[in-house]
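**Q** With the hints as extra help, turn the sequences into a complete structure.
Number of protein chains: 2
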Amino acid sequence: MKKMTAMSGFPEWTPEQRLLEMDLLSIISRQFTLFGFLPIETRAVEPLSVLLKKGDDKEIYVLKRLHDDGESKDAEEGVGLHFDLTVPFARYVLEHEHLLTFPFKRYQIQKVWRGERKQEGRYREFYQCDIDIIAKEQLPLSYDAELPVVLLEVMSLLPVPPVIVKINNRKLLEGFYRGLGIHAPNDVLRIVDKVAKIGPLKVIDLLKTELSLSELQAEQCVAFGRIQSRDLSFVNAVKAFGIEHSLLTEGLDELSFVLSFVKAMGFENIEVDLSIARGLDYYTGTVYEGYLVGHEHIGAVCSGGRYDNLAEGARQPLPGIGVSIGITRLLGYLFGRQLLAPTRASLLEHYVILKDESQRVDAFRLAQMLRKRGMPSDVHPTPQNFGKQMKVAEKKGARFVWFCEEGGQYSVKDLVTGVQCVAHPQEWSRPESTT
Amino acid sequence: MKKMTAMSGFPEWTPEQRLLEMDLLSIISRQFTLFGFLPIETRAVEPLSVLLKKGDDKEIYVLKRLHDDGESKDAEEGVGLHFDLTVPFARYVLEHEHLLTFPFKRYQIQKVWRGERKQEGRYREFYQCDIDIIAKEQLPLSYDAELPVVLLEVMSLLPVPPVIVKINNRKLLEGFYRGLGIHAPNDVLRIVDKVAKIGPLKVIDLLKTELSLSELQAEQCVAFGRIQSRDLSFVNAVKAFGIEHSLLTEGLDELSFVLSFVKAMGFENIEVDLSIARGLDYYTGTVYEGYLVGHEHIGAVCSGGRYDNLAEGARQPLPGIGVSIGITRLLGYLFGRQLLAPTRASLLEHYVILKDESQRVDAFRLAQMLRKRGMPSDVHPTPQNFGKQMKVAEKKGARFVWFCEEGGQYSVKDLVTGVQCVAHPQEWSRPESTT
Numbered sequence: 000m001k002k003m004t005a006m007s008g009f010p011e012w013t014p015e016q017r018l019l020e021m022d023l024l025s026i027i028s029r030q031f032t033l034f035g036f037l038p039i040e041t042r043a044v045e046p047l048s049v050l051l052k053k054g055d056d057k058e059i060y061v062l063k064r065l066h067d068d069g070e071s072k073d074a075e076e077g078v079g080l081h082f083d084l085t086v087p088f089a090r091y092v093l094e095h096e097h098l099l100t101f102p103f104k105r106y107q108i109q110k111v112w113r114g115e116r117k118q119e120g121r122y123r124e125f126y127q128c129d130i131d132i133i134a135k136e137q138l139p140l141s142y143d144a145e146l147p148v149v150l151l152e153v154m155s156l157l158p159v160p161p162v163i164v165k166i167n168n169r170k171l172l173e174g175f176y177r178g179l180g181i182h183a184p185n186d187v188l189r190i191v192d193k194v195a196k197i198g199p200l201k202v203i204d205l206l207k208t209e210l211s212l213s214e215l216q217a218e219q220c221v222a223f224g225r226i227q228s229r230d231l232s233f234v235n236a237v238k239a240f241g242i243e244h245s246l247l248t249e250g251l252d253e254l255s256f257v258l259s260f261v262k263a264m265g266f267e268n269i270e271v272d273l274s275i276a277r278g279l280d281y282y283t284g285t286v287y288e289g290y291l292v293g294h295e296h297i298g299a300v301c302s303g304g305r306y307d308n309l310a311e312g313a314r315q316p317l318p319g320i321g322v323s324i325g326i327t328r329l330l331g332y333l334f335g336r337q338l339l340a341p342t343r344a345s346l347l348e349h350y351v352i353l354k355d356e357s358q359r360v361d362a363f364r365l366a367q368m369l370r371k372r373g374m375p376s377d378v379h380p381t382p383q384n385f386g387k388q389m390k391v392a393e394k395k396g397a398r399f400v401w402f403c404e405e406g407g408q409y410s411v412k413d414l415v416t417g418v419q420c421v422a423h424p425q426e427w428s429r430p431e432s433t434t
Numbered sequence: 000m001k002k003m004t005a006m007s008g009f010p011e012w013t014p015e016q017r018l019l020e021m022d023l024l025s026i027i028s029r030q031f032t033l034f035g036f037l038p039i040e041t042r043a044v045e046p047l048s049v050l051l052k053k054g055d056d057k058e059i060y061v062l063k064r065l066h067d068d069g070e071s072k073d074a075e076e077g078v079g080l081h082f083d084l085t086v087p088f089a090r091y092v093l094e095h096e097h098l099l100t101f102p103f104k105r106y107q108i109q110k111v112w113r114g115e116r117k118q119e120g121r122y123r124e125f126y127q128c129d130i131d132i133i134a135k136e137q138l139p140l141s142y143d144a145e146l147p148v149v150l151l152e153v154m155s156l157l158p159v160p161p162v163i164v165k166i167n168n169r170k171l172l173e174g175f176y177r178g179l180g181i182h183a184p185n186d187v188l189r190i191v192d193k194v195a196k197i198g199p200l201k202v203i204d205l206l207k208t209e210l211s212l213s214e215l216q217a218e219q220c221v222a223f224g225r226i227q228s229r230d231l232s233f234v235n236a237v238k239a240f241g242i243e244h245s246l247l248t249e250g251l252d253e254l255s256f257v258l259s260f261v262k263a264m265g266f267e268n269i270e271v272d273l274s275i276a277r278g279l280d281y282y283t284g285t286v287y288e289g290y291l292v293g294h295e296h297i298g299a300v301c302s303g304g305r306y307d308n309l310a311e312g313a314r315q316p317l318p319g320i321g322v323s324i325g326i327t328r329l330l331g332y333l334f335g336r337q338l339l340a341p342t343r344a345s346l347l348e349h350y351v352i353l354k355d356e357s358q359r360v361d362a363f364r365l366a367q368m369l370r371k372r373g374m375p376s377d378v379h380p381t382p383q384n385f386g387k388q389m390k391v392a393e394k395k396g397a398r399f400v401w402f403c404e405e406g407g408q409y410s411v412k413d414l415v416t417g418v419q420c421v422a423h424p425q426e427w428s429r430p431e432s433t434t
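Chains as they are written, first to last, in numbering that gives the first Met the number 0: chain A, 0 to 434; chain B, 0 to 434.
Take these hints with a grain of salt, some might be off.
[What the hints assert, rightly or not] Going by beta-carbon spacing under 10 Å, a handful of chain A positions derived as facing chain B:
#, residue
1, E40
2, T41
3, L80
[To be verified] Anything over 12 Å on all C-beta distances counts as not near chain B; from chain A, calculated:
#, residue
4, P139
5, V194
6, T208
7, E209
8, I242
9, E267
10, E405
11, V415
The hints are simulated quantities; they were obtained by calculation from the structure and are not laboratory data.
Note that CB positions come from ideal geometry on N, CA and C, so glycine has one too.
**A** Spelled out as structure tokens, the structure:
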């Protein structure tokens with residue numbers, strides 16, 4: 000094994016960073032639980048047919064057995080790593096439908112993989128923290144409003160910059176495009192989505208050349224995407240275009256409901272932004288993107304939306320809605336810019352010093368008594384001079400070092416205050432000022 | 000998407016089962032933390048060269064980008080999913096050596112993948128819960144004794160049958176074989192390891208025909224593997240063979256130390272068993288296998304051992320030792336035989352009833368107040384008759400249903416006792432008998 004170097008796109012944290020990541024994941028899953036979401040995990044692999052149907056723009060990692068003996072060709076041909084958690088979830092619901100209570104609210108925190116090209120900031124393996132709700136027949140609009148509340152609540156509890164959630168509605172966009180006389184709204188969406196990247200003029204150009212839109216149609220599509228508001232004033236801005244279509248009206252009502260509800264729940268960091276489209280074409284109603292305020296250039300750190308047909312093949316429609324928090328990307332950015340740093344080297348509290356080999360069992364029993372009381376403890380592996388052992392204790396993040404004294408007594412030294420006293424591990428309590 | 004069927008070897012749990020699995024994983028990681036192990040995660044993929052060197056007997060899943068454009072051939076050629084967590088850990092230590100404090104104690108709970116043939120009980124994706132300690136230059140023998148203590152402690156806290164840890168020592172075996180005049184001890188090990196499967200007579204036959212051992216040598220190898228004891232009597236049983244070799248003496252001393260220490264720590268479920276060898280050939284000293292008492296036929300549910308040369312390529316030797324708990328396999332067996340079943344449908348406690356649309360914001364605020372107090376709560380998505388809503392509450396596992404009453408008041412009904420009373424979500428407390 001030669002000296003290893005990092006593999007591009009596959010981030011790995013130090014133990015201290017991992018402790019912090021675990022804290023964040025624990026806050027997130029705790030909040031999801033408080034909102035009534037149930038945990039599931041799905042297998043890492045899905046049939047390629049499933050993955051390709053909903054993610055043809057994704058870079059998929061295909062799996063192959065190294066010692067393939069042709070034994071199980073049929074079952075294994077075309078299996079790949081999942082690129083998100085929504086497609087596997089829809090498949091899971093279809094497969095386990097009889098075991099679930101609907102509307103089914105689940106959360107899922109797992110790694111996903113994308114065979115992206117090498118590029119700064121692109122991850123090939125990363126955590127997603129997803130919540131989704133799937134209903135039978137109809138999914139009430141209230142969930143469209145609940146999701147940004149969950150998002151804003153959970154993000155406010157993380158040690159990260161404030162998050163603003165931008166919302167839009169696919170029906171509103173489709174209604175507008177159709178009202179303009181355009182018959183391929185998804186093609187328009189795909190091009191209009193590039194405004195931030197290539198600018199409005201080029202988008203107008205593409206709409207005209209690629210989709211044969213008129214100058215007026217193209218300009219209106221771009222102008223429509225510029226509408227933003229933190230209150231209901233977007234309704235008049237939309238109406239000012241004078242376009243009529245039932246989908247437009249429906250989208251407008253839904254968007255108004257969601258915005259009003261989230262604000263009524265006391266959250267101000269919500270904004271209607273008609274440029275938000277979400278690349279994946281399975282969304283059919285409300286769409287979300289969450290940005291770190293002041294760090295919008297890194298793109299959305301959470302996103303999602305409503306989909307009506309993801310679990311096709313069921314006896315009845317299974318409409319759903321969900322959002323995803325990209326925690327790896329968020330941490331990678333914050334760690335990289337020193338905007339967030341671990342505060343603890345470990346969770347270790349106690350370190351038992353070993354005077355000589357005869358103390359080993361006694362020292363280990365001492366540590367066991369502390370552990371039984373819920374206090375992380377370790378024993379120095381070999382007798383050494385006390386100074387050396389205490390340095391290791393400090394380096395490992397322990398604050399209290401213990402000694403086995405004559406006559407079965409113990410003493411403990413507080414490395415911060417320097418105070419040492421006789422104590423028993425079953426009775427010792429932490430000095431008051433240190434919790 | 001057609002109706003989906005399960006994929007052989009890739010188990011998926013129901014939400015209730017996943018809740019239980021999370022409880023177990025949380026007990027395990029809590030215990031690992033109490034013993035001073037630090038958490039890390041490694042990427043799911045490793046270069047094939049690394050995987051093959053230490054796992055040539057493993058079925059490895061190779062990764063390939065679906066839209067491979069030849070751009071990054073060099074870096075990507077030969078990348079596979081890890082088949083265990085020990086090999087990636089050794090690579091991690093080598094790569095991040097400058098950031099770690101040695102001896103480095105880490106725990107790692109992640110899924111691993113093996114491209115096994117389809118077979119009942121064989122998993123292709125499963126969780127492993129690993130602890131390992133890697134030191135510089137020398138790894139004190141005390142860790143060989145600490146690991147079974149951690150294993151026995153953590154397994155005793157899980158809702159599973161009692162576990163017995165069987166131990167052996169590779170030095171003892173190698174010393175014995177060499178003392179018998181055998182020059183390829185690993186080949187003997189590989190064949191002797193089959194005793195349980197093919198029986199002693201066939202093993203003796205193979206040792207003679209494949210390795211040209213004499214009748215006496217072959218018989219002694221098999222007889223040696225029969226030695227078992229829960230006390231130090233195995234020492235005399237070994238000495239009775241009259242074989243002398245420095246490795247044999249060393250192995251005997253180490254094994255005696257480990258057994259004595261674990262028993263001195265108050266654990267009785269530890270046994271010396273000289274038939275334990277562990278297939279992987281990277282072990283060099285103590286080896287472990289843990290079995291469920293009364294369910295030994297399913298094989299080891301945890302295992303591990305000491306390795307001296309896993310992180311080759313470092314400036315100095317990095318010897319290590321570790322054990323792994325196979326939690327997926329364990330749960331799969333216990334779920335399948337109804338030896339373990341989830342006790343809770345969810346963690347949900349409160350369910351807010353919606354009389355009409357005008358109550359929505361109020362109902363949601365009510366739920367938020369309960370959540371802020373740490374109580375999982377949900378709101379019925381649409382106004383419906385109360386009976387229907389209360390049935391959903393029950394189905395979802397909530398015990399308390401809340402109503403928004405006239406004049407800004409609230410009431411709560413206990414679905415178990417049937418008692419309903421006026422209460423405020425910020426002051427309500429759980430009836431005493433229900434915790």
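**Q** Does E267(A) really sit off the interface, with its C-beta more than 12 Å from all C-beta atoms of chain B?
**A** The claim stands: E267(A) keeps its Cβ more than 12 Å from every Cβ of chain B (closest is about 16 Å).
**Q** When the nearest CB of chain B is found for T41(A), is that gap smaller than 10 Å?
**A** holds (6 Å)
**Q** Quick check for students: does the CB of V415(A) sit more than 12 Å from each CB in chain B?
**A** holds (19 Å)
**Q** Taking 12 Å as the cut and beta carbons as the points, is E405(A) off the interface with chain B?
**A** Holds, since 20 Å exceeds 12 Å.
**Q** For the restraint on E40(A), tell me whether the closest CB of chain B is nearer than 10 Å.
**A** holds (6 Å)
**Q** Compute the least Cβ-Cβ separation between I242(A) and chain B, then decide whether it is above 12 Å.
**A** holds (29 Å)
**Q** Minimum C-beta separation from P139(A) to chain B exceeding 12 Å: can you confirm that?
**A** violated (4 Å)
**Q** Is the nearest Cβ of chain B still more than 12 Å from the Cβ of V194(A)?
**A** Non-interface label stands for V194(A): nearest chain B Cβ at 26 Å, farther than 12 Å.
**Q** Can we trust that T208(A) is non-interface, i.e. its beta-carbon lies farther than 12 Å from all of chain B?
**A** Given a closest Cβ separation of 26 Å, the condition holds.
**Q** For the hint on L80(A), just tell me whether its beta-carbon gets within less than 10 Å of chain B.
**A** holds (7 Å)
**Q** Are all C-beta atoms of chain B more than 12 Å from that of E209(A)?
**A** holds (23 Å)
Of the numbered hints stated above, the single one contradicted by the structure is hint 4.
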